[in-house]
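Asks: Model the full assembly from the supplied sequences, consistent with the hints where possible.
Here is what each chain is made of, one letter per residue.
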Amino acid sequence: MNMREMIKIHQLNKSFGDLHVLKDIDMTVFESDVVCLIGSSGSGKSTLLRCLNFLERKDNGQIIIEGKEVNPRTDNLNKIREKVGMVFQNFNLFPHKTVLENIIEAPIKVKGVSKEDAISKAQQLLSKVGLEDKADVYPSKLSGGQKQRVAIARALAMEPDIMLFDEPTSALDPELVGEVLTTMKDLAEEGMTMVVVTHEMGFAKEVADRIVYMHEGRIVEHGTPEQFFNNPKEERTREFLKSTSLK
Amino acid sequence: MPSFSHFFDILAETKGVFLKAMLLTLELTAVSIILGIVIGLVFALLKISRVKILQLISDVYVYLVRGTPLIVQIFILYFGISGIFLLPDFWAASLALALHNGAYISEILRGAIQSVDRGQLEAGRSLGMTKSLTLRSIILPQAFRRALPPLGNQFIISLKDSSLAAFISMNELFNVATTLGSNNFDEMTYLLIVAVYYLLLVALLTLVVNRAERKLAISDR
Chain A
1 MNMREMIKIH QLNKSFGDLH VLKDIDMTVF ESDVVCLIGS SGSGKSTLLR
51 CLNFLERKDN GQIIIEGKEV NPRTDNLNKI REKVGMVFQN FNLFPHKTVL
101 ENIIEAPIKV KGVSKEDAIS KAQQLLSKVG LEDKADVYPS KLSGGQKQRV
151 AIARALAMEP DIMLFDEPTS ALDPELVGEV LTTMKDLAEE GMTMVVVTHE
201 MGFAKEVADR IVYMHEGRIV EHGTPEQFFN NPKEERTREF LKSTSLK
Chain B
1 MPSFSHFFDI LAETKGVFLK AMLLTLELTA VSIILGIVIG LVFALLKISR
51 VKILQLISDV YVYLVRGTPL IVQIFILYFG ISGIFLLPDF WAASLALALH
101 NGAYISEILR GAIQSVDRGQ LEAGRSLGMT KSLTLRSIIL PQAFRRALPP
151 LGNQFIISLK DSSLAAFISM NELFNVATTL GSNNFDEMTY LLIVAVYYLL
201 LVALLTLVVN RAERKLAISD R
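Quick note, the sequences are listed as chains A and B, same order. Numbering follows UniProt numbering, in which position 97 of the first sequence is assigned residue number 97; successive positions increment by one, without gaps. Numbering follows UniProt numbering, in which position 140 of the second sequence is assigned residue number 140; successive positions increment by one, without gaps.
A hint or two may mislead.
[To be verified] Lysine-lysine pairs mimicking DSBU-like chemistry, simulated, CA-CA at most 35 Å apart:
(1) B:Lys215 x A:Lys97
(2) B:Lys131 x A:Lys185
(3) B:Lys131 x A:Lys134
(4) A:Lys121 x B:Lys215
(5) A:Lys141 x A:Lys128
[Claimed, not checked] Not close to chain B: a few residues of chain A, all C-beta gaps over 12 Å, as computed:
(6) Glu5
(7) Asp26
(8) Met27
(9) Glu31
(10) Pro232
(11) Arg236
(12) Ser243
[What the hints assert, rightly or not] Label pairs and their computed distance ranges (CB to CB):
(13) A:Gln123 x B:Arg66: 48 to 56 Å
(14) B:Gly111 x A:Ser120: 38 to 46 Å
(15) B:Leu23 x A:Ser120: 46 to 54 Å
(16) A:Phe16 x B:Gly111: 23 to 31 Å
(17) B:Glu213 x A:Gln123: 30 to 38 Å
(18) A:Gly130 x B:Ser132: 28 to 36 Å
(19) A:Asp136 x B:Arg118: 24 to 32 Å
(20) B:Leu56 x A:Phe16: 21 to 29 Å
(21) A:Thr244 x B:Leu56: 49 to 57 Å
(22) B:Pro69 x A:Asp18: 46 to 54 Å
(23) B:Ile218 x A:His10: 48 to 56 Å
(24) B:Arg50 x A:His10: 25 to 33 Å
(25) A:Ala171 x B:Ile218: 19 to 27 Å
(26) A:Asp18 x B:Arg214: 45 to 53 Å
Calculated directly from the structure, the hints in this document are not laboratory data. Just so it is clear, CB atoms sit at the ideal spot from N, CA and C, and this is done for glycine as well.
Replies: What follows is the structure in structure tokens.
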């Protein structure tokens, strides 16, 4: 088992005004790990995820990406973001660009990949997510599940070492959730390091290597799916599991 | 009221001189729109920047332009600036029109840029794109598309506003109409004729804007 530390967070704190949303967060993500962040709305899990690619700025604490502590003031965040892909709840595809153009934009303009190489890579990724026939279609023509798979392909086109998923299935119709989760599962099996904010307990149970449960800005419980679902240590976790199983 | 046949006779007779005037009107309008878009984009970007002093500069500019009549602005450039350094009449007029347009266009563009979902910026940044690259290739194309209907409106206004250049003796449509009208003691005929020319130009401009809108709407189909 490779134990390279891809992400290490130490005593991370973040407030929005008076609201203290992340409290003394410590967390480590190893290479090829799939970590699921779960918890009720407002627990800080999305904010934590967004701190990992610096869409939110931490107030204090350390964020170490691939062994190097990142200082958002002095480091080139664009370089770090090339390594850390992100998939959003609302897809955020570029509506004025075709599926193919969505995928090749950043590799060409950011990494300087040639157009031919970017296109052939994009086609490869599209067939991987099962959308090879949608290359020239605009996003408005796609279903939610298709949009999210394109968004995953777009992030993968930058060849990131880490992928962040921010509630990737929360905006989808129930019948479209499966196709996105399957794509994510494939990615996990290929050994991608993934941090996933999700409400999909089934996915967390099946795919996650570790589960991080957050409540009111703190990490309450942290363990393997086995420990977490069958043998939670904390009372708060038990309450949470009871409430989700009732739904 | 002039009779129909009289109107059409004069319309045919004066075709040459009005076409020449129309050309000048078009030139004034084209310069004021193109320069106006450049100026408008610059001040819109100043306004959405995070730098307070740049925002202030944009606010003051928009306030000054919107707070004074266009004719006053034209006269200030014509009598004031032309006195300091040589500014040909055409440029005094089109610069005044462009500065005027720029303020309104900057507000149109600012609104359009801010209406683009924040997630678009985040998506660009999360792919490692710089702020300026995200702005250029993701935000502005979407903003321009949304801005097109109000921009078209503004273009029509600037076409008609170019008539104020008559007051610094530019021989554009309105000036030609009033001059010929009073020379011939037949103001109404010439005013109706010039109205026809403006309607024609506005129809043309509307067509161009509509076509651009359709072209940019391709991603919705």
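Asks: Does the beta carbon distance between aspartate 136 (chain A) and arginine 118 (chain B) stay inside 24 to 32 Å, or does it fall outside?
Replies: 28 Å, holds
Asks: CB of leucine 56 (chain B) to CB of phenylalanine 16 (chain A), is that within 21 to 29 Å?
Replies: 27 Å, holds
Asks: Given the hint of 25 to 33 Å, is the C-beta distance from arginine 50 (chain B) to histidine 10 (chain A) inside that range or not?
Replies: 29 Å, holds
Asks: Would you check the hint for lysine 215 (chain B) and lysine 97 (chain A), treating anything up to 35 Å between C-alpha atoms as holding?
Replies: Answer holds: lysine 215 (chain B) to lysine 97 (chain A) is near 13 Å, not above 35 Å.
Asks: Okay, glutamine 123 (chain A) versus arginine 66 (chain B) on CB: inside 48 to 56 Å?
Replies: Given about 51 Å between the Cβ atoms, the range holds.
Asks: Is the hinted range of 46 to 54 Å satisfied by the C-beta distance from proline 69 (chain B) to aspartate 18 (chain A)?
Replies: Given range 46 to 54 Å: holds, Cβ gap about 48 Å.
Asks: Need the status of pair lysine 131 (chain B), lysine 185 (chain A): alpha-carbon distance at most 35 Å?
Replies: Holds. Lysine 131 (chain B) to lysine 185 (chain A) sits at ~32 Å (cutoff 35 Å).
Asks: Take a quick look at whether lysine 131 (chain B) and lysine 134 (chain A) sit within 35 Å of each other, Cα to Cα.
Replies: 29 Å, holds
Asks: In terms of Cβ atoms, is chain B entirely out of 12 Å range of serine 243 (chain A)?
Replies: 29 Å, holds
Asks: Examine each Cβ of chain B, and state whether all of them lie more than 12 Å from the Cβ of arginine 236 (chain A).
Replies: 31 Å, holds
Asks: Measuring from beta carbon to beta carbon, are aspartate 18 (chain A) and arginine 214 (chain B) in 45 to 53 Å?
Replies: Holds, since aspartate 18 (chain A) and arginine 214 (chain B) (Cβ atoms, about 49 Å apart) stay within the stated range.
Asks: Honestly, do glycine 111 (chain B) and serine 120 (chain A) meet the 38 to 46 Å range at C-beta?
Replies: Holds, at about 40 Å.
In summary, the structure agrees with every hint in the numbered list given earlier.
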